[in-house]
Amino acid sequence: MTAGLDEAGLRDWLVEYLVTNVGCDRDEVDCDASLNDLGVGSRDAVVLSGELAELVGRPVSPVEFWQHPTVNALAAFLARGDADPGGVAEAAATADDRGHSQAGDLHEPIAVIGVGCRFPGDVSGPDELWEFLSRGGSGVGQVPAARWERFEKGSADDAAAVAETTRWGAYLSGIDGFDAEFFEISAREAAMMDPQQRLLLEVAWEALEHAGIAPGSLRRSQTGVFAGACSGEYGQLASTALQDVDAWTNTGGALSIISNRLSYVLDLRGPSVTVDTACSSSLVAIHLACQSLRAGDSQLAIAAGVNVLLSPAIFRGFDQAGALSATGQCHAFDAAADGFVRGEGCGAVVLKRLSDAVRDGDRVLAVVRGSAVNQDGRSNGLMAPNPAAQMAVLRDAYASAALTPLDVDYVETHGTGTLLGDPIEARALGSVLGRGRRAEAPLLIGAVKSNIGHLEAAAGIAGFIKAALAVERGRIPANLGFTTPNPHIPFEQLRLKVVAENQDWPERGQPRRAGVSSFGFGGTNAHVVLEQGPESVAPQHASAPAAVTTLVVSGKTPQRLAANAAALADWMDGAGSAVALADVAHTVNHHRTHYSSFGTVCARERAQAAAGLRALAAGQVAPGVVAPHDGPCAPGTVFVYSGQGSQWLGMGRQLLADEPAFAAAVAELEPDFVAATGFSLYDVLTSAIPLVGIDR
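Residue 1 is where the sequence shown starts when you use the working numbering, and the numbers rise one by one after that.
Be a bit skeptical, because a hint or two may be false.
Stated by the list, open to error - Label-pair restraints from in silico Cβ distances:
id	residue 1	residue 2	range
1	473	687	47 to 55 Å
2	314	619	42 to 50 Å
3	507	358	23 to 31 Å
4	552	22	30 to 38 Å
5	59	558	43 to 51 Å
6	547	502	36 to 44 Å
7	589	687	33 to 41 Å
8	535	566	30 to 38 Å
Since the hints were made in silico from the structure, they are not lab data. Ideal Cβ positions, reconstructed from N, Cα and C, are used throughout, including at glycine.
Kindly produce the complete structure, drawing on both the sequences and the hints.
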């Protein structure tokens with residue numbers, strides 16, 4: 001208590017101050033947003049510290065606004081008075097929490113509990129990726145017209161060079177779209193942000209929600225971010241004209257900020273590292289994330305990779321080196337292999353120690369058993385692969401996983417589709433993983449690059465996500481376009497087989513296991529070993545009577561709320577059709593971020609819920625639908641005054657029939673009620689005869 005104000009009173013005072021002196025709209029003051037984002041700069045902090053000192057009757061340093069950077073944090077600090085000067089106790093508590101997390105098994109498996117992705121072919125999310133791969137989709141096409149326009153309209157030499165450069169690539173659509181307001185980023189700053197930063201914010205958010213984690217719940221948690229990225233074209237293009245450089249240019253174009261911005265936006269306190277090992281960046285990021293979890297540096301980790309193609313310069317460089325496909329496809333392991341196709345995209349996975357995931361009841365999509373990273377050293381050229389190093393990283397990965405090479409069924413390969421690169425990789429795989437296999441049970445191999453091109457820094461995580469989904473679902477998608485085996489690869493001798501058609505996972509009486517390889521063009525090699533996750537027992541809902549289920553759908557604005565309601569309805573009718581309504585409600589109500597604008601849908605049946613969501617999205621009146629309205633997100637006390645007319649004949653009988661919780665409570669009370677009164681409460685409730693008097 002400070003100067004007659006408790007924490008809530010101090011919070012209200014700070015909000016009023018922001019409204020009056022900084023010009024904030026009261027409805028837009030997010031008490032968990034940084035004071036800087038709310039418009040409190042250095043000079044404002046000095047003035048505000050003086051006002052607060054007078055209010056609380058003791059000195060308040062402007063430094064406190066950086067140690068306690070939100071309205072909620074500052075109000076809590078001020079309410080503590082002098083009990084914790086400088087936040088010593090708070091820092092000690094954080095250190096204690098980290099200490100508890102450090103007692104981990106350095107070989108513990110790591111659970112994959114959430115996935116998000118945006119890949120060529122208009123793929124958004126793991127379910128869309130699986131459908132795309134299962135139908136043999138291809139995301140390759142010609143470069144979008146606007147991408148190279150500035151170069152084509154530049155000097156005559158630039159235009160001539162562009163005309164000679166291959167235009168094949170695998171591109172994302174709508175790469176310039178970004179909901180800056182959702183992430184509380186100003187339009188001016190967002191315009192200077194590398195699209196890779198924007199993509200990672202969106203895809204990581206989706207991965208967390210896929211894991212059943214409300215992103216806002218991770219504030220101040222020991223969550224690590226490990227993001228692979230290797231191209232800084234946006235920053236280079238944004239600073240070519242010196243007069244266009246502004247205060248946001250440096251952070252907007254820096255590769256380090258790709259991971260750091262995600263940590264900042266979500267207020268994550270674990271390691272935050274951007275990894276650049278070129279084409280192996282994101283698989284190395286997964287390796288580092290797993291190490292961080294096992295060492296206790298992170299309690300949760302987001303591993304990701306992102307790549308965008310904004311300039312013809314790198315295309316031209318690879319063209320000059322003869323590395324790009326003239327036919328516009330990565331013909332992995334095929335005789336038609338003539339180079340790779342560059343691609344762009346973003347993938348993110350949420351990782352957690354397996355013991356923690358099982359304890360918390362998380363859905364485990366797959367398990368990382370082990371991984372390894374090494375370097376080619378002085379090979380036959382800086383960009384030339386080294387077969388010996390590839391063999392070594394495979395051996396190290398399976399030793400890390402405590403598995404034998406024969407325990408793996410499928411490898412998602414680097415598979416760039418180059419005439420000699422593929423044979424080198426195949427030799428390494430056959431020498432280490434193929435040796436000792438029966439001819440009729442070869443090691444299966446494939447490459448997602450045949451569908452979406454080579455995503456470079458995001459290539460490893462694209463292959464990782466494909467392999468994780470295959471392990472989870474027990475199916476292996478085909479390697480697109482494989483018709484004639486590469487004549488330089490002795491497949492039978494190496495005991496290798498390219499998956500030419502979609503097929504079921506081989507049944508071997510053991511958990512499904514897959515390897516994922518990724519090799520950087522500078523020689524950094526990575527391999528990760530995945531295993532089928534523990535079987536989860538689905539809750540049984542069929543025998544229970546249909547109870548009323550409430551779904552709370554929210555958004556920062558009514559428009560976003562409507563979009564969320566429509567998306568949920570589409571998912572319930574599509575990819576989520578097998579998920580029980582009660583489970584949908586639990587996830588939506590307890591594992592999603594709730595915003596100030598929200599609506600509710602009450603339903604007994606799935607179809608009724610989906611119809612209610614569509615009505616909510618369309619702004620229509622429907623039974624069981626409470627229209628969008630604004631209100632506080634925080635828990636509070638609600639007083640209900642029933643008044644007259646809130647009881648009616650037969651309501652107990654209806655509740656017994658419709659609500660299992662009510663029926664269970666009556667059954668529990670029944671013996672004691674009969675003993676105390678001499679008659680049955682259940683009989684009274686189910687009887688059509690009105691109860692008269694207090695004796696019976």
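I'd like to know which numbered hints this structure contradicts. Please list them from smallest to largest. none
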